[in-house]
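**Q** Chain by chain, the residues:
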Amino acid sequence: MSDSSPTSENGKDLTPEQQGLRDQLAEGYNLIGKSPLKVDGMAKAMGQTQFADDLSMPRMLHCKLLRSHVAYAKILSIDTSKAEALPGVVKVITGECMPIPFGILPVSQDEHSLCFDKVRFVGDPVAAVAAIDEATAYEAMQLIDVEYEKLDPVFDPTKALQNREEPLHDYGDDGNVHKRVSMEFGDVEQGLAEADLVLEDTMFFEGNTHLPMEQHASLAFREADGRLTIMSSTQTPHYLHKAMSKVLEMPPSRVRVIATPNGGGFGGKSDPFNHEMCVAKLALLTGRPVKVALTREEVFYCHRGRHPTLMNIKTGFKKDGAMTGMHFQSLLDGGGYGSYGVASTYYTGALQTVTYKIPKYRFDGVRCFTNKPPCGPKRGHGTPQPRFALEVQLDKAAVALGIDPADIRKNHLHPAGGITANWLKVGSMGLGACIDAVVEASGWKDKWGKLPPGKGVGLACSSYISGAGLPIYWNAMPHSGVTVQLDRGGGVAVFCGETEIGQGSDTVLAMCVAEVLGVGLTDIRLTVADTHTTPVDLGSYSSRVTMMMGNAAFQGAERAREIVAKAVSKKLEIPSVRLRFADNKIFDVQDPENWIPFAKGVQIAEAKFGTIAVAGSYTPPVTPGKYRGAGVGPSPAYSYSAAVIQVDVDQETGDVDVEKIWVAHDIGQSINEILVIGQVEGGVYMGLGEAIMEEMTYRPNRFGVHKIPSMLEYKSPTTHEMPPIDTFIIRDPDPNGPFGAKEVGQGPLLPIMPGVANAVFDAVGVRVDEIPVTPDKVLKAMNSKTKRYGPTKYPDLKITDTVRIKTLEEGGDGTAPRPAKKQKEVTS
Amino acid sequence: MSHATEGAPALSKVHRVLSVNGENHEVAFDPRKTLLEVLREDMLLTGTKHGCELGECGACTVLIDGEPKLSCLVLGLESDGVDIRTIEGLAQPDVPHALQTAYGELGASQCGYCSPGFLMNASALLARDTNPSREAIVEELGGNICRCTGYLKILEAVELAAQRLRDGTAANGGSDV
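Heads up: the sequence lines are chains P and C, in that order. Here the first sequence is numbered in the working numbering, starting from 54 and rising by one per residue. Here the second sequence is numbered in the working numbering, starting from 9 and rising by one per residue.
So here's chain C without its partners, still in its complex pose:
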């Protein structure tokens, strides 16, 4: 089947430079796309997940200028000129983030699908407070849904990571996140 049309087809993509995990990337994408779709489909950063694409589940959480945002509610077009951080950028090259280590040790990922969203959200919390109360963690992560764990191992992992950051025993505090 051929779709050759007469004359050159009109260009339909926009062309932007996005700053993702500290690197500038030149990307062409459909202007209707959300940041979630641009990250996953046009930049192949599939670590960021989707669970609803309606801003209801938290799976697609990324950091924009240090603040957790639902990337399914942000347009790719709105995303130039800001600092975007995804799960792929949470670890330093040689060391996982303290949260990631704690997650692994406590089995806080079961299926692991919601983990990137939780981790990005929690990393923002720990960046501003390395001694959050259980209530503060519950509040911060209240918009992220997990169907496997019952949340308890996740809450414990955030507390363990916070403890290590306070003690200075975490290899990666994620200071540049």
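Same shape as in the complex, but just chain P:
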């Protein structure tokens, strides 16, 4: 039948239909890399998109959570009688009705829907009310009497290390130490001994929060047959589904989670939350729909944002700037609960190695519990803090060695396709091209060290995962699934568990399917993020959606195409390999006038093979690291970014005016180019906020309340602070990505914070080794003898149980030699 012999892909023979698709794609894309209208773009511009709080139902009740006003206390009693007696109140619940704990990570099941033993931060919920309207629920909430026995709170992780009297939790590695990890890849001491220059810096990165424009909201209701449905602003409906089934003690088949389009997430809606459990329970108990919509202040206290992190980085350099070894230490302030914290801790040590060659590497990380809102994953998850430290130290090394900061980076890039000291497999690697792009466009060579006093430029680079290589709970199933169903009218129904949080995942899904089937975007109908109707996609986190959903969509669409191509080939007597799908037509590539409409092709195939509904799925490749902890860091592909930032520092006030940013991002291949640029600009914006103004701060002397839980006082950049950005997209297709694509949602944020700090040095000759770089810190640095502002001391964590793993160059095989004995105590 075929006039061309099948070729092989990944060792498997391609069918003629698969070969035909590959030939079609090689001849040029219909949609990929272009900028068709975002599939949800007009609905959003018309105000038609329904977010969680836009939903309402007949007989709906409104829920409010009573939250603790003390940071740390035992709960002695809760009296809800006055609240229950208030007219309009339908139900009041407390913690006993949901005794089963939950948490996003299997190792940190430490949260309860409502606290019943202790409260661990201001904002920890203790009771929930359902009433006929919001005002009544609010009034009832204030009638609940809670008797607390106050405990001594701890707000500082260095103190949390010592405070062992009344630890926040009865699990973890010791006292208030939630997680401690120490791993060494190669002999770092020996590496440092071989260096011409050793730099050691202590740096601090303050916590900050996602601040999505939409406050979290959820609506739950009980179906007539007893099933529970919740529609919620969550980035991870699959994980919420699992947690909810556990907490409510209902089989997963009886719980339905629908993620509504998120009004921004950035990681802040990735955990299962108390309010979701509460509305679900209240819906079951009252038999009525129950909605909760958090206030902005509550969103600040739910947090799960960037961990405040104290870091110590010691690196050896040869005269040419090559690194000989690095010892990186991080102390994370985790807040009151585990959240993603174990993963966050590992991430502070994982990705240092994928940008530049670091032959020997050691990482020690400790996460402590403190009586503040829990920290978790914010855009960049655990990697912006170490990236800041690494890129600022590289800038210092360049100055000390007399090397241009662009060259010290570009001359020592990690090779594409190589394996890092900590056993991460690097695929495509476009960082060199990124550096070239921003160096040339910004006029770096004429500016660095040459601008008048007060003006300066800084350069920094970064990398990020295109999806976590391993799922949050151990299983061998696919990370994403997509079902493709063809209808006789030529439409295509696509089902996937992916969640649109503004990043454009709906558009990526539709474009991947439309490209393969040669139909228009408007021919695609999406059903997404619904655990009752869509195949699992693990969620919108870790920049995984384009990579994993995209590959699953490609496979699903390819299988549908194969069925149609087989039938059409037979009917029209054209070899399958010659069939092309484009412009809603199927035609013979050797005789383009010989075509039929796509819909006709579907009808022929349906007559021959029956209803066409097929699925594709994606599981990431096996990772080379086999040691304990090797699960954090691996990814099918790494994106790369570089930025040059130009600042004007007011030498009287210390104010840093960011004048312009040049940024280049190695995406592999854009799916939708304008959305890619939008992600770059949005990431740069968020990084700029972190760099110069955003911070979560609390009042330790006033019970640990948040200083500034409002959008006015938590300063974030407005149109006024936003400088022009020149964006360069580097295309270096990665063999693992769908059409070669890699991530863009998180990576471009990362170089901004170190880039700003490096630019401030170029402008006024001082180092601010702390984020955010606020005017007071710049002034203090300028007025100090050391010309530096930042922490000076890193606590001695007396780690003795370091796991030593041989690098590939040392002949290692990715395993740890033997299980290390667990260290019992840490004191400082």
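Just so you know, these hints were derived from the structure itself, not from any lab. Even glycine gets a Cβ: it sits at the ideal position worked out from N, Cα and C. Certain hints may be false.
Simulated coverage check for chain P against chain C, where a stretch passes if three residues somewhere in it have a Cβ under 8 Å from a Cβ of chain C [unchecked claim]:
| id | segment |
| --- | --- |
| 1 | 266-280 |
| 2 | 313-319 |
DSSO-like cross-link-like pairs, simulated, lysine-lysine; straight-line CA separation at most 30 Å [stated by the list, open to error]:
| id | chain 1 | residue 1 | chain 2 | residue 2 |
| --- | --- | --- | --- | --- |
| 3 | P | 87 | P | 638 |
| 4 | P | 371 | P | 846 |
| 5 | C | 41 | P | 135 |
| 6 | C | 41 | P | 760 |
| 7 | P | 498 | P | 840 |
| 8 | P | 846 | P | 212 |
| 9 | P | 127 | P | 203 |
| 10 | P | 624 | P | 638 |
| 11 | C | 21 | P | 135 |
| 12 | P | 768 | C | 41 |
| 13 | P | 367 | P | 859 |
| 14 | P | 508 | P | 498 |
To give an idea of the chain C side of the interface with chain P (calculated C-beta under 7 Å), a few residues [to be verified]:
| id | residue |
| --- | --- |
| 15 | 59 |
| 16 | 60 |
| 17 | 64 |
| 18 | 65 |
| 19 | 96 |
| 20 | 115 |
| 21 | 117 |
| 22 | 118 |
| 23 | 121 |
| 24 | 146 |
| 25 | 150 |
| 26 | 160 |
Could you slot chain C onto chain P? The hints should help.
**A** Only chain C this time, still in chain P's reference frame:
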């Protein structure tokens, strides 16, 4: 659970006629409610969003007598006798407003939650000036927060819409807004 009380409960809602998007609507609402709440909860016009309910984020911007106002800072009670325009009324029946088209084309909505507020604000700007400078747009939209886009695509969309309005290539200039 029953909340039956003796005698008829007192009426607690006020009864008003609000002019929204050119139509008069008779609405009963709790007098403590803001215009934002009346629009969203009592009229189901959920296109208008809330991000803070304290007048800090701009998400709830509507036009009152042509002027952008934060509907979370206006009481429903104050809102009769004025002309209220919301995102639902920005498009003409058959054509989106030039701003909406430009927004869609440039991906100026990412999550889209702040979009209605930005669009209402920008529509007021373009109604009085179809050739605003970048500085004027920055100034006008400086009170609206967006966390997704970094604002650049939004500024570009306003400029693109303005260009089309000047060129006469916009299908809907929103002249009645």
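**Q** None of the hints should be skipped; say for each whether it holds.
**A** Going down the list of hints, with the structure as the test:
1. 266-280: holds (count 3)
2. 313-319: With 6 residues close enough to chain C, the hint holds.
3. 87(P) x 638(P): Distance ~20 Å between residue 87(P) and residue 638(P) Cα, so the pair holds.
4. 371(P) x 846(P): holds (26 Å)
5. 41(C) x 135(P): holds (25 Å)
6. 41(C) x 760(P): holds (28 Å)
7. 498(P) x 840(P): Distance ~25 Å between residue 498(P) and residue 840(P) Cα, so the pair holds.
8. 846(P) x 212(P): The hint holds at about 14 Å.
9. 127(P) x 203(P): The hint holds at about 6 Å.
10. 624(P) x 638(P): OK: residue 624(P) and residue 638(P) at ~15 Å, within 30 Å.
11. 21(C) x 135(P): holds (25 Å)
12. 768(P) x 41(C): holds (28 Å)
13. 367(P) x 859(P): Satisfied, since the Cα-Cα distance of roughly 20 Å is no more than 30 Å.
14. 508(P) x 498(P): holds (15 Å)
15. 59: holds (5 Å)
16. 60: holds (5 Å)
17. 64: With Cβ-Cβ at 4 Å, under 7 Å, it holds.
18. 65: For residue 65(C), the interface hint holds, since the closest Cβ of chain P sits about 5 Å away, which is under 7 Å.
19. 96: holds (6 Å)
20. 115: Holds, about 5 Å.
21. 117: holds (4 Å)
22. 118: holds (4 Å)
23. 121: holds (3 Å)
24. 146: At 4 Å from the nearest chain P Cβ, residue 146(C) passes the 7 Å test, so the hint holds.
25. 150: Constraint on residue 150(C) satisfied, holds at 5 Å.
26. 160: With a closest approach of 5 Å, the residue 160(C) hint holds.
This entry satisfies every hint, going by the numbered hints stated previously.
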